[in-house]
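The hints should help you fit chain B onto chain A, whose structure is shown.
So you can see what is in the structure, the chains are spelled out below.
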Amino acid sequence: MRIAVIMKQVPDLVEDVEVDARGTAIDRDGVRWTVNEFDGHALEQAMLLKEAVGAEVTVLAVAAAGIDQVLFAALARGADRAIVVPTPEGRTDAPRVAAALAPALTEIGADLVLTGVQAADDLHGQLGPILAASLGWPHVSVVCGAELHGSAVVVQQEYSGGRTAALEVDLPAVLGVQAAGRPPRYVPISRLRQVIASATIGSHAPAAVVPAPATTVTRLAAPAQESLARMLEGSADDVARQIVEALHEHGLVGV
Amino acid sequence: MPGILVYIEADPGGVAPVSFEVLGAARTLAPHLGGPVEALVAAADPDTLAAALGAADSVLTVTDPSLTPYLPEAHRAALEEAIRVRQPSVVLIGGTSAGIDLAAGAATATSRPLVAYCTALRVAGQEMEAESQLYGGKLVATTRTAPPAIFSLVAGCFPEAPGHAPGTAPRIALPPPAALQRLRTRLVGTGAAAAGTVDITKAERIVSVGRGIGAPGDIDLARDLATALGAELGASRPVVDSGWLPKERQVGKSGMTVKPRLYVAVGISGAPEHLEGMRGAGVIVAINTDPGAPIFQVATYGSTCDFGDLLPALSARLTAAG
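If you read the protein sequences in the order shown, they are chains A and B. Heads up, the first sequence is in the working numbering, so the first residue is 4 and it goes up one at a time. Heads up, the second sequence is in the working numbering, so the first residue is 47 and it goes up one at a time.
By construction, these hints were calculated from the structure, which means they are not laboratory data. Here the structure is a predicted model, which is why all the values come from computation and not from measurement. One or more hints might be untrue.
Stated by the list, open to error - Some but not every residue of chain B turned toward chain A, in silico, with C-beta under 7 Å: (1) Ser143; (2) Leu220; (3) Ala238; (4) Ala367.
Claimed, not checked - Interface residues of chain A toward chain B, partial, derived using beta-carbon atoms under 7 Å: (5) His127; (6) Thr221; (7) Ile246; (8) His253.
Beta carbons are placed, not taken as given, at the ideal position from N, Cα and C, and that holds for glycine.
Only chain A is shown next, with the shape it has when bound in the complex (with noise of 0.2 Å):
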């Protein structure tokens, strides 16, 4: 059993997130990375699959600055090894990297891809769904928790208003992850430390330049719509006055 986990960085969104000079992307400047959650999720869901029926984890990343130490932790909490590829042009829209991975997790021989199922930098959700269609394999979103029944995956997909369904999905397959089977593990720093002495970080072929998508960003900027809220000013006890007061005022206590 191959299993692939493709992880990537977003910027750290207890920060804020600054638009550059052109107004049309953020000046990555500054930014904090920290890796895509769900991708965590991905990745936790690899290591309880390995560990419930063995299989070999290979995580797989498109370059990018600092993206090295996504893959160290990735392989500090377990997985058996990780790949670098490059995309054209630098370019990290879900299109290019879809064309850029495909072809090495054919190479790999990988049965099973994880990946987030969005990420706060294009919530898009495309790159699961445009990978699964390009290597012509089925693909489920919104997966929390999967289990490995012989050649196939057993998922379940969540649904608005807290509804589920378990799925059975032939391998190969395609998971969009939301969360894995339990919260991802920690990972002790000495062990994070001895993986960055001691591993390598592989790496893979640059991929064939794909048509770039007919979308253009024209604007990216902080939502237009101010503040609606009131804002209570004051010490933690003079604000919990005002918000008493308005929660009487609203009928909602004292009555």
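For chain B alone, coordinates are given in the frame of chain A:
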């Protein structure tokens, strides 16, 4: 062919509410684009769903047992076939789990671009102009795309009313695609995540905690406030995915949609997926140390106080007053 194709999603109640919003968006765009609005119903028995779609100019039906309940691979085959046969200039689909399953794959298979997560969509000359929320709602991207193209629309951002109309639209039956005979995906069970003891959709007051809560132990501060308010405890997705609170308490796109009279959001940034589940609340009190958090755009009252100071102060005042 000019025109708009709308993918109709089913839920246990019939046509999913988001599909009426998408159909409403199609009706709003249609006068500017020209061509008919065609609704695609792919189901084992399309009649009931089709009967609710009087707002469409016609209803395309694909009838096959594999299409009910929803199966991603089967619905993708039906959608792709409908796009190939009808060649619409614009395809609209709700930004749900099905939307993520189907839109990008259909875009790849039919060589159309996809603009996902649209919160606004309009015709701009020969192009379509869409707005999409990125970075947890902190930024809005405006995108221009020449049709033919596919757009997925965020639930709750488009008016539902134009999607409802009495009467029945003419039916056009499409043959089931051959791919339905060789599916590699099978449904083996269904369930409701909210099988626990709490139904937060019925709660009049909810205190919800988000990623900003930092540590599972701090949820107790929110629990105390919930007790003081007579509220149920809710959570955003990261808190549930971290295993800090059970799934039945999750508010948002992949959790519950709630409409309480009072919603207190603690350490919740207000990502679009969360807002989708609580936008309809009466009074929203948001507590978040980040003044730029998108939750303040929907909140009634906001505070950037540290929740570790504010929640005990608030609980104490409410308990004293109660």
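Now for the hints, and whether the structure bears them out:
no.: 1; hint: Ser143; verdict: holds (4 Å)
no.: 2; hint: Leu220; verdict: violated (20 Å)
no.: 3; hint: Ala238; verdict: holds (6 Å)
no.: 4; hint: Ala367; verdict: holds (6 Å)
no.: 5; hint: His127; verdict: holds (4 Å)
no.: 6; hint: Thr221; verdict: holds (5 Å)
no.: 7; hint: Ile246; verdict: holds (6 Å)
no.: 8; hint: His253; verdict: holds (5 Å)
Of the numbered hints stated above, the single one contradicted by the structure is hint 2.
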